[in-house]
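*Asks:* If you want the building blocks of each chain, they are given just below.
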Amino acid sequence: MVVLAASIISKSGKALVSRQFVDMSRIRIEGLLAAFPKLVGTGKQHTYVETENVRYVYQPIEGLYLLLITNKQSNILEDLDTLRLLSKLVPEYSPSLDEEGVCKTAFELIFAFDEAISLGNKENVTVQQVKQYCEMESHEEKAHKLMMQSKINETRDVMKKKASELDKMRMERGKLDKGGYSSISGPRVIEKTFNDMSITGSGFGSGSGLGGLGMDMDSFASKPKGGRPSAAATAPGKGLGMKLGKTQKTNQFLESLKAEGEVILEDVQPSSVQSRASPLPPSDPVTVTIEEKLNVTVKRDGGVNNFDVQGTLALQVLNDADGFIQLQIENQDVPGLSFKTHPNINKDLFNSQQVVGAKDPNRPFPSGQNETPLVKWRIQGMDESSLPLSVNCWPSVSGSETYVNIEYEAAEMFDLHNVVISIPLPALREAPSVRQIDGEWKYDSRNSVLEWSILLIDQSNRSGSMEFVVPPADPSTFFPISIGFSASSTFSDLKVTGIRPLKDGNPPKYSQRARLVAANYQVV
Amino acid sequence: MEKPCTLLVHFDKGSPSMANEIKADLEGSDVAAKVDAMKRAIMLLLNGETLPHLFITVVRYVLPSEDHTIQKLLLLYLEIVDKRDVASGKVLPEMILICQNLRNNLQHPNEYIRGVTLRFLCRLNEPELLEPLIPSILANLDHRHHFIRRHALSAISAIYRLPHGDQLLPDAPEVVERALTGEQDASARRNGFLMLCACAQERAVAYLLTNAERVAEWPDLLQMAAVDLIRKVCRSPNRADKGRYIKIIISLLSAPNSAVVYESAGALVSLSSAPTAVRAAANTYCQLLSSQSDNNVKLIVLDRLHELRASHRDVMVDVVMDVLRALSSPNVDVRRKVLDLVLDLLTPRNVEEVVMYLKKEVVKTQAGDLEKGGEYRQMLVQAIHSCAVEYPEVAGSVVHLLMDFLGDTNVAAAVDVVLFVREIIETNPKLRVSMIQRLIDTFYQIRASRVCSCALWILGEYSLSLSEVESAISTIKQCLGDLPFYTVSEEGESTDASKPAQPVVNSVTVSSRRPVVLADGTYATQSAATETAISSPAVAPGSLSSTQNLRSLILSGDFFLAAVVACTLTKLVLRLEEVQPSKAEANKASTGALLIMVSILQLGQSSYLPHPIDNDSYDRIVLCVRLLCNTGDDVRKVWLQSCRQSFTKMLAEKQFRETEEMKAKAQISHAQPDDLIDFYHLKSRRGMSQLELEDAVQDDLKAATGEFTKDADDANRLNRILQLTGFSDPVYAEAYVTVHHYDIVLDVTVINRTKETLQNLCLELATMGDLKLVDRPQNYTLAPESSKQIRANIKVSSTETGVIFGNIVYETSNVMERSVVVLNDIHIDIMDYISPATCADVAFRNMWAEFEWENKVAVNTVIQDEKEFLDHIIKSTNMKCLTPPSALDGECGFIAANLYAKSVFGEDALVNISVEKQADGKLSGYIRIRSKTQGIALSLGDKITLKQKGGSS
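Line by line, the protein sequences are chains Z and U. Residue numbering for the first sequence follows full-length UniProt numbering, starting at 1 and increasing by one per position. Residue numbering for the second sequence follows full-length UniProt numbering, starting at 1 and increasing by one per position.
For the record, the hints were derived by calculation from the structure and aren't laboratory data. For every residue, glycine included, the Cβ atom is placed at its ideal position computed from N, Cα and C.
Subject to a maximum C-alpha distance of 25 Å in a straight line, what follows is the list of computed SDA-like cross-link-like pairs (lysine to any residue): (1) Z:LYS145 with U:ARG103; (2) Z:LYS88 with Z:GLN129; (3) Z:LYS175 with Z:ALA163; (4) Z:LYS38 with U:ASP841; (5) Z:LYS104 with U:CYS5; (6) U:LYS902 with Z:THR51; (7) Z:LYS145 with U:GLN100; (8) Z:LYS44 with U:ALA849.
Here are a few chain U residues that sit away from chain Z, every Cβ distance over 10 Å (derived from the structure): (9) ASN283; (10) ALA412; (11) LEU464; (12) LYS477; (13) LEU882; (14) ASP889.
A partial selection of chain U residues facing chain Z, derived with a Cβ cut-off under 10 Å: (15) THR69; (16) LYS72; (17) CYS122; (18) PHE147; (19) ALA225; (20) GLY266; (21) VAL297; (22) ASN331; (23) ASP333; (24) LYS795; (25) GLU907.
Build out the structure end to end from the sequences listed, making use of the hints.
*Replies:* Written out as C-alpha cells, the structure is:
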C-alpha cells in the first residue's frame, strides 16, 4: 500500500529528481535508482520490474523514466493509477522533457509529487486539483490581506481626520482663548504623538514573539484590549502607542483625550513648582472630576418619556498632605436641580457657602488613586427643549425597498463629540446602501446595526441627515435607536473655582474635568 | 540507522555555487533571486555540504518572506537540514527559532500554506520542536478546508507515532476519533482512520464495526484502509469474531474500485484458508484478469494466482478455465504465465477441456496472421506437448492437428511439433499408424532442415508395414526430385563462364552463405547457435510452392541433411527387405537408394557448390552405400533395433530426470527440524500460519526500504576484515567490508598508535571501476592511542571488479605539514554480485551468439581430471552448470559444459568450458566467457585465470 519513492531518472540511470515517502537511507535509494536501467528490459509489453525486495513501476517519457518504487505487496492497481497521474503532471511542470528541463523544474516536480502522494498513500486527486494546490491561490488569504489593508487605510484616514480636526480645534481655541492655558502647545503634542504612531504603527506586537512581525494578528488585537481601560482612566499620558488597535478604540481614546484636554495642557507646562512638589506622579496632586450622565427616552413621534440627569463630583488626592482642603464650587441655577452630599461632608458649609469640606477638619480627604465621590446631584423635570440632541427617523416603504431618512438636531448649548446613532436594521445579507450622509456610517452585520457617527457636532453642523435604503421592512424594526455622545460642558455647569487649604501654605495645584455623557439615550 | 534521505535532486557539479553568493541572494529582496538561492542551498545540502552559517541567514531573511514558493522551499530546507548536533544527538538550540514561523504558518490565512506546513511536520522527528506547535495543530483539525484537515490528521498520526509521541499528544486517539465521526472528505477520513489503525487499533475496529453496513459505500481510499486494518486485526490468532470481518471483506469484493477488489481478495486469502474463501478470492482474481486491460495488472494478478496455487491447488483447479481465458491477451509474457499456471493445475478431469481450449487457440493463430503468432504457437505447442506427456490419452486428439504445423514458417514451433510427434509416436503405439500416414502426407510441406532431419528419422524408424515403407521411400524420392542433382554440362557452364551459375542455385547459395557473413567471421562454424538465431534463412526460399523441399535444401549445401536422407533410405531399404516378400522389389528399392546416395556424393565433390561436402557426412553416406551393398545381421540389428532402444532410453532418462527434479522440489518443502508444527486437529483453521504470512508483509516493507538485513554469519564476518596499514604505522587502520546489493559499506577502524593527538585526520578514498563514493570525507581529531570508527558508503552501479584506493591524512600539533599513510588497496570481488541462475538452452545459445564481449582463457591447471576441473571452476566462479549431469557422465577424455550466472543488476554471464585430456595426462583447452558488457567478461576472466590453477594451492 505504500509508495517508497517517486523518481525521474535518465535512461542511463542518472537520478534527476526523486522524492521519498518513507524513511530510507540515501545510499539505498541511489542504489535502487542506479540498478533500475539495467533491470528494465527492452521489448517487453509490461512496465514493471520486480527484484528481490522492491517493485518498480515505470513509464518511459521521451529520454527519461518516470518510476515509482514500491514494496512487492503493494497494490499494483493503485500504483498504476498514481503513475498515470504523475505522468500527466510531469509535462505540466516540466515543459521540456529532457534531463536539463527536469533538473530545472526539479522542485516544482517535487511539490507536485507531494500533492499526488501523501506520505506514500495514494491521494484521489486530478491534475487540475494538484495544479490548484500548487498554485496556492487562497481566497481566504486574499480576504485577509484586503481586510488588513482596509484596516490600515481606515486607521490612516481616521488619523488624518483627527489631525485636521485637532488643527481646527486649536484654531477655535486660539480664538476663544479660554483661561490661562497655553492653547497652542497641547494639540501639537497630540499631533506629534500621532506622527509617532504612524511611524511605528506596523511594529505593534513585535514584542509578542520571535520574528512574528506584523503577522500575529491575534495578539496584536488582544494586547491593547487588556491594557486599555486603566490607561484611559488614570494614566492618560502612558502607553499612547498601544491604543491604535482599532478605529473604535482610537475614537474612544481621543474622546477621553479631549475630555482631558486641559489636564494635558497643564501637564506639559513647564512648572518648577510642580516638579518639586510631586516628582513622581505625572498628574496633578488634586483632580476634580465632574460628570453628568444622561438617561433619556424619547418617543419616536415626539414627547419625552424620561429625561434624567445624574451628576457626580469626585475628588482624587494623590498625597495625604494635600487632603486638607476645601473646594469652592459654583453652579448655574437650574430648575429641578437637587444636591446630595457625602455623609462626611459638612452640609451646612455646602448649603450656605457652596464650599465642599469635611465635617471633621482634622480628617483629610482620602488619598490614593481612587476617586472619591463627594457630591451627587440630579436634575429632573426638564422638558423636550433642553434635549441636547433630537433624532427623527422616517422609514417609508416604496416599492420593493424601504427608504429611511434620519435627521438630527442638536441644541446650541453643547458641542457634542463622538456622536454615534445606532439604527437597528432587519437581518440583511449585505450592507444597506447609504444614499446620503453627513458624517460616516458603518454596518455591523453581526448585530445588524447601522452606526451613523459624527465626530463632532458644533456650530457648523447643528443639524444633519442621512438616507439609506434597505429591502422592505416594518418601520418598527428601525427602533429603538440608541444614541451615544459626550460633551465637555454640563447641564448644571458646576465648576470648582478654587481650593482653599485648611492648613498653612499654598493651595495645591489642581485640575478639573467636566463632561456630559449619554449613558442611555434612546428613541423608542 | 542512517539519516533518512527524503529527496534527491540531480546536482550538476559544473556550476558550483558559493555559500557567500547564496547568502547574498537570500539577504536581498528580489523574490526570484531568493527562490533560486534557496534551491541552490538545498542542492548543496543534498550534496553533502553542511553550510552551517546559512541557517541564521535563512532564519533572518527567508522566514519572514510572504512568498509561497519561498515558504515551501523553506520547508524542504528545514526537512533536510541537520537538526541535531552530530556529537551529542541533541537538537541544535538555534532550531527553536523556526518554531514561531511554523506556528504562524499553522495559523496562516492561506489554507495551502497551513497544509504544506502540516505535511512537513509529518517528517519532523524532534519532539522539542513539535511540542510548542501542538495546540496549533489541533486547532487545524476543525478548519473548514479539507486540505488542512487532511494534513492535520496525518501530522497528528506522525507525531503520535514518534517515540514518546503519546506524551506529546496524550489524547490523540480520542481527538482523531471525534474528528473522524464528523469528517466528510475521503482523504481526511483515510488519514484519520489510518492513524487509529496504527495507534489505537481497538478504536479503529470499533469505528469499522459500527459502520460495517456502510463500508461498501465508503470512498475507495477508506475502503483500502479498512481492508488493511482487517488484515492486521486478524493476525492475532483465535479471533472469534473473524466472521464479521470476513463479511465486510466479502461486501468489498464487489466494490466498484478494482484496487479495493484486488486488495480484498488478498486479505480474504490471508484471513481464511477455507475453500469457499479461497475460491471467492480466486474468482475475484480471475475477474480482474479479464476485466483489466493493463498487462502489468494481469501479470501481477497471475503471480497472486500462482501463490494461491502453491497453497490451495485443489481450489485453483476449479478456476483453470477462467484463467485460460486470459490467453486472449496479446501479450506474450501474460500468455506464458497463463500457460505455466494452467499446466500446473492439470488433473485427469480437466485436461481434456484444457487441451481442447489450447487446440482452439492454435487454430486461431493459424487464422489471424498475428505478429507474434509463431512464438505464441510455439508456446501452445509446448504446452500441449507437456499435457500429452502427462496425460497420454489426450495426445490422440491433438497430434494430427499439430502435424499440420510441421511446415510452419516458424522453425522453433515446427521443431517443437516434430519433437512432440517423435515422443508421442514412441509412447503411444496406438497412434503410430495414423501418424506415419499423416507424416508421409505432409512431409513435402516441411521447409526447415532440422525439422526435415527429425521427420526423416521418424519415417525411417517407425515405418513398419510394407505399404508404409514403400510410400515413405517414394515420398523421399519425390521430394528429392529427378536425379542427378547436377550434370556435367552445368559444370562446364559454370567453370568456363565467369558468370554465376543458374539463377535458382544462385539464390540458394546466397542464402546459405548468410550465416557466415552475419556471425562476424570467426563464429561461422557454430551451426547450432546460428541456426536458431537466424532461423528464417534456413528455410529455403523460392521453393515454398514446390514439393521438392529436400532437393532445394541439399542444393543449398546442407550435407548433414543429405546424410540423414541416406541413413533413412538405408534403414527403409533394410526394413523393406524384411517385409517385402518379393526380392526383386527390394533390390529395386535398394538400387534406387544407392543411386540417390551416389548422386549426393557427386554433388558434394563437384565445384558447383561453394563448400564441398564435409568429411563427416561423406563418411556416413559412404557407410550407407557400403551397407546396402553388403548387408549383415549384426549391422541390421544395429540399424533396425538399437536406434529405437537408445531413443527409448533417452525418453526414460528424461522422465527420470523430471521425476527426480519433482522429488527434489518436494524435498525442499519438507519441514526443518526446528520448524513449527501445525497440528491440524488442534486448530480449527490454519490461522497460525497466517501470522507468519502477515509478518512477511511487514518484513516486505522493511526489506524494501533496506532497513532489514539478515544477520550475516558471524564466523564469516572475520574473514572479511582487511588490514589497511601496517602495525608500525602511526595510524593503524582495518576495514570490515559489507557488500549489500547496490552498495558497499566500509567500516574502518582507525587507531592512533602514537602518543600525540592527531588533528584533521581524514580518510580519503578513491575508486576505480563502477564505484562511486557517496559521502565526502570528514575530518576527525584522534586522541593519543584512541580509536575511531569511520563508515564509508560506496555505490556500485555495475558488476565489475572494482578497486578502492585510499590514504589517511593527518596533522600533528608540532609538525605543521600533513602526513600521509597510504592504505592497502581494497578489491571488490565480482563474486559478490553474481549468483547462479538457469536459463533455457535455446536462450543460452541466443545470448552466446548475440553478446559482443568474449574473453578466452587458456586452461592451465594442475588438476588432472576434467570432471574435477569443471567442479572447481563452478565452485570458484559461483555459476551454475547448464549441461545436464548425464551428458557429463563417463570417461571420454574431454568435456564441454555451459555455465551461467546472473548479476544483481540483471546482467548475464555465460561461460563455456571445453577441455581435453592430453596424452601426458594434462588438461588443455579453453574457457570462454561472454557477456554484454566488457566489465563482466574481463573481471570474470581475471577471476578464472587466478583460480583455475586449483589443486594443491
